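Colleague: Chains as they are written, first to last, in the working numbering: chain A, 1 to 595; chain B, 1001 to 1232.
In short, the hints are calculated from the structure, not lab data. Everything hinted at is true.
Simulated pairs of lysine to aspartate or glutamate, EDC-like, Cα-Cα distance not exceeding 16 Å: (1) B:Lys1164 with B:Asp1182; (2) A:Lys524 with B:Asp1057; (3) B:Lys1022 with A:Asp394; (4) B:Lys1205 with B:Glu1145; (5) A:Lys68 with A:Glu54; (6) A:Lys89 with A:Glu105.
Sample of chain A residues at the chain B side, in silico, Cβ under 7 Å: (7) Ser370; (8) His371; (9) Thr375; (10) Ile377; (11) Thr386.
If you're wondering where the values come from, they're calculated on a predicted model, not measured in any experiment. Ideal Cβ positions, reconstructed from N, Cα and C, are used throughout, including at glycine.
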Amino acid sequence: MGIRAKLFLVLFSLIVVSVGAVSIYISVLLNQRLTDQVREDLRVKGELIRDRLEREGIAPNDDASWIKVVDQLGMRSHARVSLIRRDGKVLADSEVSADKLASLENHSTRPEIVDALERGSGSSIRYSTTLSRRMVYVALPFRRDGQVVGTVRVAEPLAAVEETLADAHRALLSSVLLAALIAAAVSILAADRVSAVVRSLTESAAKMAAGDLEIRTRAEGSDELAELGRALDLLAINLSAAMGALRKERDLLGGIVSAMHEGLLVLDGDGRIAMVNPALRKMLLLGPELVGKYPLEVIRHPDFAALLEQCKGSSEPVPIEIELVALKPTYLLLHAVRIAETGRLLVVFVDVTEIRRLERIRTDFVANVSHELRTPITAIRGYAETLRAGALSDPEVAASMVEIIFRQSERLSRLVEDLLELSRLEGSELKLSAQPVLLLELANRAVDAVRPRAESKGIHLQIRIPDYLRALADERAVEQVLLNLLDNAVKYMPSGGEVKITAAARDGRCEIEVRDDGSGIEAKHLSRLFERFYRVDKGRSRDMGGTGLGLAIVKHLVAGMKGEVKVVSAPGKGSTFTVILPRAESEISPLAAHI
Amino acid sequence: MSRILIVEDEQDLAGLLHYNLKLAGHEAEIARTGASAIVQVGSFKPNLVLLDLMLPDISGLEVIRMIRSSPQQRRTAVVMVTAKGAESDRVHGFELGADDYVVKPFSVRELLLRVEAVLRRMVEDAGTDTILTGGGIRIDPSRHEVTADGDSVILTPLEFRLLKTLLERPGRIQTRETLLSDVWGIDAEIETRTVDTHIKRLRQKLGPSGESIETIRGIGYRFMEGKSGVEQ
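Bound conformation, chain A alone:
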């Protein structure tokens, strides 16, 4: 049974019972009053009739006269009048014909008669068998000469009272029914209202429980339900605020975890994967379904297994570096920390491949520099030592030794210069300007510089550059680039070839080509050609006095001027180095550029 039905039942029965009780009380009281009044009226009537009869002076034996008088009195008073002898015999009765008087039963035991004889007055209400209806009887003693000789009884039917009572009962009943109806309506309304409020509160609470904390009961009033509603609202507001704060924190952490560059792996207390961030997925090329797996199913590496083992007992951070070889070798620095409170293991993966690569390049460079410097020094020192130890006295040997010393010291000085140049370029100490420069002029200067060597080898140098073509570049740098390229071409070409230097505007930029018809370069060397100390033919390069840094310097200079350098070559087909530089707008004169 719902709260609505319960409330209705209680309210309805309360109203009906109380109205019913009042009705019954009224009915009883009314009955009493009416009866009392009828009895009182009858007694007065009885006293008048008795007094009249006592004064009649009819002989005691004259039954017929008595009967006549009694009938007259009965008619006039609209009541049944009976004259009863002391012994209970009915002498006369206004409602009973004379011939039937004898058959009337003895009235001496009638309660009103008994009371009248004993106390001077008596009354009774009962059903008259004679008249077949409820009657009120009032009896009074009848005296003759001061002697009670019988009783005068007056009776009236209770019909009037009963009719009045019936009327009253009808009215009361209708009022009870009306009350019941109103009660029903009122209690239904009241129960509806209460149950509606309770239902609404219940619904709100259920929604809150389901997670909708934006819902409000909007309870009004000051009753307990409204208070409950307000308490619920407050609960929702507080919960919502707490959830909001938690969500914010979660979003912040989540954002950090997914945005961070380092890989993150979280293992739960059972050693299964609880979380993997996007960076780690990318780093290790991991599949989608990872949570719940064991980490060693995913990352198979003995060092990693050892790391997990090592972390079992301690909460100290354990760093290791592992090398994973998947599609490409990856160096990862791992830091594992056990979070003591939760038993979780946190492993941070840092990809140090690039750092290691740069370190290796640096180490290689240092080793290369060291080797490159050491060789000429060793030669110079060794030959000087040998000369001093006695070779000086052998003129033939001594001359070639001195020649070697001179050559190696030249090489040493070139090397030192190139290294300094390179370090200036790398350290960005050297600021390259971007001004319109006439390419033809710079090419002429570079060609002039290498011409003596070219002529001695019978190499023909050719320039084909439009005299108006200007590049937006640094004059000295462009000259150096062209010089290095021409120098290389002349150096590695067999005698009697041709080196062409051409330039043209293309796609808004200047393309400068240095083409030789020498022996060309094998494809495997091309990608590394611009690396420092990379030599296609080590021995030949050194014998030619090369430092191995010329093209590295070219690359740096060109990059410093926002240009690029490319090489196309094949064995037997010569080599073409192409330098692409930004082109200066033709209408801008060198003078205008300064304004």
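Following the hints, position chain B against chain A.
Modeller: Okay, now just chain B, sitting in the frame of chain A:
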């Protein structure tokens, strides 16, 4: 007078060494690449190889490995010529069985002295015929043979000399510095951990008998007979 192979890609340096070695009375040949060095070790049969570790084709370490793995050439002495920066190469070279090293830029006089020292040690090693035993280990210097508990053990010349030195002085503590000067024939210029690396490898090769070589913490090593429970 010994046969010496110069492995050096720098023509001027090779020429320098060639001139000076010939002047010292040796027969010398030049190899300019690692590949030709391996070929020439087979044909020229040098007593000693002066080996530059930085070669244009293969690493000098590879050349040492090839020499040491060939039964005929195993006893060829190897003197490494390295740049000072390549410390790890040098240690690795010793582990592979090089006999000595010279750092570039070297003094010709020093290099010649070193070459002579290595050559002299080889002669001494070959000259002592006394068979040494102890702790289950047996060394036959004349045949360059070592057995541990009856099993033949292959040692590099350096390891051989290290073990021989320890066995010659049983029960006496040998400091790392002593070992460096007596076994390597050099001043303690290289880090003393070179000695430790060699001892470690030697122990591994000797198996249970290796326990006879006792570590004296912070000082050096000592050969203790019976340490392995084998009384002789």
